[in-house]
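Peer 1: Take a look at the letters that make up each chain.
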Amino acid sequence: MAVLCKAKDRTLYAAIDGEVDHHRARQIMGELVRQIDTTMPRQLTVDLGGVTFMDSSGIAILLRASRRMGELEGAMEVIHVPEQAGKVLRAAGLDRLIKFE
Amino acid sequence: MKAMNEATVAFLSRSANESFARTTAACFAAQLDPTLEEVNDIKTAVSEAVTNCIVHAYPDSLGLIQMRLRLFEDHTLEIQIKDKGVGIPDVEQARKPMYTTGGEERSGMGFTIMESFMDLLKVRSTPEKGTTVTMRRRISRRMGGAG
Numbered sequence: 001m002a003v004l005c006k007a008k009d010r011t012l013y014a015a016i017d018g019e020v021d022h023h024r025a026r027q028i029m030g031e032l033v034r035q036i037d038t039t040m041p042r043q044l045t046v047d048l049g050g051v052t053f054m055d056s057s058g059i060a061i062l063l064r065a066s067r068r069m070g071e072l073e074g075a076m077e078v079i080h081v082p083e084q085a086g087k088v089l090r091a092a093g094l095d096r097l098i099k100f101e
Numbered sequence: 001m002k003a004m005n006e007a008t009v010a011f012l013s014r015s016a017n018e019s020f021a022r023t024t025a026a027c028f029a030a031q032l033d034p035t036l037e038e039v040n041d042i043k044t045a046v047s048e049a050v051t052n053c054i055v056h057a058y059p060d061s062l063g064l065i066q067m068r069l070r071l072f073e074d075h076t077l078e079i080q081i082k083d084k085g086v087g088i089p090d091v092e093q094a095r096k097p098m099y100t101t102g103g104e105e106r107s108g109m110g111f112t113i114m115e116s117f118m119d120l121l122k123v124r125s126t127p128e129k130g131t132t133v134t135m136r137r138r139i140s141r142r143m144g145g146a147g
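Protein chains in written order, with this note's numbering: chain A, 1 to 101; chain B, 1 to 147.
In case anyone wonders, no lab produced these hints; they're calculated from the structure.
Take these hints with a grain of salt, some might be off.
Computed spacing ranges between beta-carbons, pair by pair [as the list claims (entries may be wrong)]:
#1 A:Ala7 / B:Lys129: 24 to 32 Å
#2 B:Arg141 / A:Arg42: 47 to 55 Å
#3 B:Arg138 / A:Glu73: 20 to 28 Å
#4 A:Leu72 / B:Met1: 49 to 57 Å
#5 A:Asp9 / B:Arg14: 21 to 29 Å
#6 B:Gly102 / A:Glu77: 23 to 31 Å
#7 A:Lys8 / B:Gln66: 44 to 52 Å
#8 B:Asp33 / A:Glu101: 31 to 39 Å
#9 B:Ala3 / A:Glu73: 33 to 41 Å
#10 A:Phe100 / B:Leu64: 35 to 43 Å
#11 B:Met4 / A:Arg42: 51 to 59 Å
#12 B:Phe20 / A:Gln43: 36 to 44 Å
In silico lysine-lysine, BS3-like type, Cα no more than 25 Å apart, as pairs [claimed, not checked]:
#13 B:Lys96 / B:Lys129
#14 B:Lys96 / A:Lys87
#15 A:Lys99 / A:Lys87
#16 B:Lys122 / A:Lys87
From the three backbone atoms N, C-alpha and C, an ideal C-beta is built for every residue, glycine too.
Take the sequences, apply the hints, and build the full model.
Peer 2: Right, dumping it as structure tokens:
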């Protein structure tokens, strides 16, 4: 499974692991959005602790999730951001749009 | 300037080759004893350039991507990624942040990341002929490092 999800009391926890590149992006994005649409959370926490590599495909995934949470008037945070992924996300200015731990 | 060492690989524009290309570039760069951050920057920039070839150069077909890696005496790594795909009609526009003609899984940040993670980025493109992206990164010299 591309994304490991746990939902409780309209809080969705989603853990992404491995390499996040264009090769896996569609699958990860599809799974994450499907989980959001199924659980309709008020709070989404995306855990990147298991990510070993991320390129700009990760930016698109997080922006898509953020937009969906905005439509649901929910909040989103990203936790356990590895150094390499953090540098990519900061280069894109995502730290100004999405709450990082 | 003459290259001290050089390697060229060619591979099909399949997305599974994104990780092959970035890992190959990182292995070649290892001769310069880069820091982990330098290796990660190189891998990220290569991933962006190769993904561009797969998504944009060959949108409806498979084509060859050639990656040439060269090391220079001044501790610079040069990576040239070349395709014979559809080309970019307007390179200046393509390099702008958030600009993309890709689907929703693309962010339009590829060139921005290549620019900010490497010391130099050159893009040459001819419509219907292909695109060549050249990137350079100077690797820091460390005490006791290879050189």
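Peer 1: Compare the structure with each hint and give your call.
Peer 2: The hints, checked one at a time:
no. : hint                           : in the structure
1   : A:Ala7 / B:Lys129: 24 to 32 Å  : 50 Å, violated
2   : B:Arg141 / A:Arg42: 47 to 55 Å : 52 Å, holds
3   : B:Arg138 / A:Glu73: 20 to 28 Å : 48 Å, violated
4   : A:Leu72 / B:Met1: 49 to 57 Å   : 55 Å, holds
5   : A:Asp9 / B:Arg14: 21 to 29 Å   : 42 Å, violated
6   : B:Gly102 / A:Glu77: 23 to 31 Å : 27 Å, holds
7   : A:Lys8 / B:Gln66: 44 to 52 Å   : 50 Å, holds
8   : B:Asp33 / A:Glu101: 31 to 39 Å : 33 Å, holds
9   : B:Ala3 / A:Glu73: 33 to 41 Å   : 56 Å, violated
10  : A:Phe100 / B:Leu64: 35 to 43 Å : 39 Å, holds
11  : B:Met4 / A:Arg42: 51 to 59 Å   : 57 Å, holds
12  : B:Phe20 / A:Gln43: 36 to 44 Å  : 38 Å, holds
13  : B:Lys96 / B:Lys129             : 22 Å, holds
14  : B:Lys96 / A:Lys87              : 19 Å, holds
15  : A:Lys99 / A:Lys87              : 15 Å, holds
16  : B:Lys122 / A:Lys87             : 22 Å, holds
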